[in-house]
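Q: Sequence:
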Amino acid sequence: MKILIKNPLNLSFVDFVRLLDQQDSVVVLAGKRDVLESDKPKLVQLGEMLAENTSKIVFRSGNADGADKLFSEGVLKINHEKLQVITPYFGHKISNNLNENIISLDSINLNLEHDLIYTAKKNKDAKGLVEEYLKGVDKRLKSKGAYLLRDTLMITGTKTGILPASFSIFYDDLRKSKKGGTGHTMFMCNEKNVPFIDQTTWMKWL
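With this note's numbering, you'll find the sequence shown wraps up at 505, consecutive numbering, no jumps.
Keep in mind that the hints are not guaranteed to be accurate.
[Claimed, not checked] Here are the simulated DSS-like pairs of lysine-lysine, each with C-alpha atoms no more than 25 Å apart in a straight line:
{"#": "1", "residue 1": "Lys-478", "residue 2": "Lys-376"}
{"#": "2", "residue 1": "Lys-355", "residue 2": "Lys-426"}
{"#": "3", "residue 1": "Lys-426", "residue 2": "Lys-341"}
{"#": "4", "residue 1": "Lys-503", "residue 2": "Lys-443"}
{"#": "5", "residue 1": "Lys-491", "residue 2": "Lys-301"}
{"#": "6", "residue 1": "Lys-458", "residue 2": "Lys-443"}
{"#": "7", "residue 1": "Lys-341", "residue 2": "Lys-478"}
[Unchecked claim] Cβ pair distances, simulated, as ranges:
{"#": "8", "residue 1": "Arg-317", "residue 2": "Arg-474", "range": "29 to 35 Å"}
{"#": "9", "residue 1": "Asn-309", "residue 2": "Ser-337", "range": "21 to 27 Å"}
{"#": "10", "residue 1": "Ser-337", "residue 2": "His-379", "range": "25 to 31 Å"}
{"#": "11", "residue 1": "Arg-317", "residue 2": "Gly-435", "range": "42 to 48 Å"}
{"#": "12", "residue 1": "Ser-476", "residue 2": "Lys-426", "range": "17 to 23 Å"}
{"#": "13", "residue 1": "Asp-323", "residue 2": "Leu-473", "range": "27 to 33 Å"}
Just so you know, the hints here were simulated from the structure itself, not pulled from any lab data.
Cβ coordinates follow ideal geometry from the N, Cα and C atoms, glycine included.
Using the sequences and the hints given, assemble the complete structure.
A: Spelled out as structure tokens, the structure:
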């Protein structure tokens, strides 16, 4: 579901709920594995706050340690049904999965997902890794290509039933912003015109 938000960086929590709490709205909660100790309770608090104050949004996690897990913990404290988990392969970090709505990348027929592949490869830093994964050159469980496709899928959705993201909320390393997997996911947001914010905006909501 596409949501028109002209300036997400100035978005208030009240306006977030008003604009995003719609049927078929999907909000990605993701970010860095390394979270400042003082920030950890804030990520959990935001997850709780989001789940408590919305009724229709599905919150999507990439199942990684750090920010993904902390955001998810908050959502799960309120309602397990509000969380959807996208993993890079079957069985990924099973201990993080406390709900049943789990979709693994290797359960998807990527031959049918041309937009997903095309979009992932638009990031020149990801293109080679994605191509290696698709060719079967690197099918290891910890393949970087699998993680990058997972991150892309979180934004694009699929032709076969996974809804695209409407909005994304990130926890980034503000000293080296938009790098690594989090940076790739932000790049995908820009490619698909999905508005997003990081903690410089959402921490003001708490």
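Q: Each hint needs a verdict: does it hold in this structure or not?
A: Do the hints match the structure? See the list:
Note on Lys-478 and Lys-376: the hinted pairing is violated, with a Cα-Cα distance of about 30 Å set against a maximum of 25 Å. A threshold of 25 Å between alpha carbons decides the hint, and for Lys-355 with Lys-426 the separation of about 35 Å lies outside it, so the pair is violated. For the hint linking Lys-426 to Lys-341, the alpha-carbon distance of about 34 Å lies beyond 25 Å, and the restraint is violated. For the hint linking Lys-503 to Lys-443, the alpha-carbon distance of about 34 Å lies beyond 25 Å, and the restraint is violated.
Between Lys-491 and Lys-301 the CA atoms are separated by roughly 10 Å; this keeps the pair inside 25 Å, and the hint holds. For the suggested pair Lys-458 and Lys-443, the alpha carbons sit about 23 Å apart, so the restraint of at most 25 Å is met. In summary, the hint linking Lys-341 to Lys-478 is supported, as the alpha carbons are separated by about 22 Å, within the 25 Å threshold. Under the hint 29 to 35 Å, the C-beta atoms of Arg-317 and Arg-474, about 33 Å apart, fit the expected range.
Evaluation of the 21 to 27 Å hint for Asn-309 and Ser-337 yields a pass: the beta carbon distance comes to about 25 Å. One distance hint, 25 to 31 Å for the beta-carbon pair Ser-337 and His-379, holds here, with the actual separation near 28 Å. Under the hint 42 to 48 Å, the C-beta atoms of Arg-317 and Gly-435, about 46 Å apart, fit the expected range. Distance hint check for Ser-476 and Lys-426: the Cβ-Cβ separation is about 22 Å, which falls inside the suggested range of 17 to 23 Å.
For the hinted restraint 27 to 33 Å between Asp-323 and Leu-473, the CB-CB distance of approximately 32 Å keeps it satisfied.
When the structure is compared with the earlier hints, violations turn up for hints 1, 2, 3, 4 and for no others.
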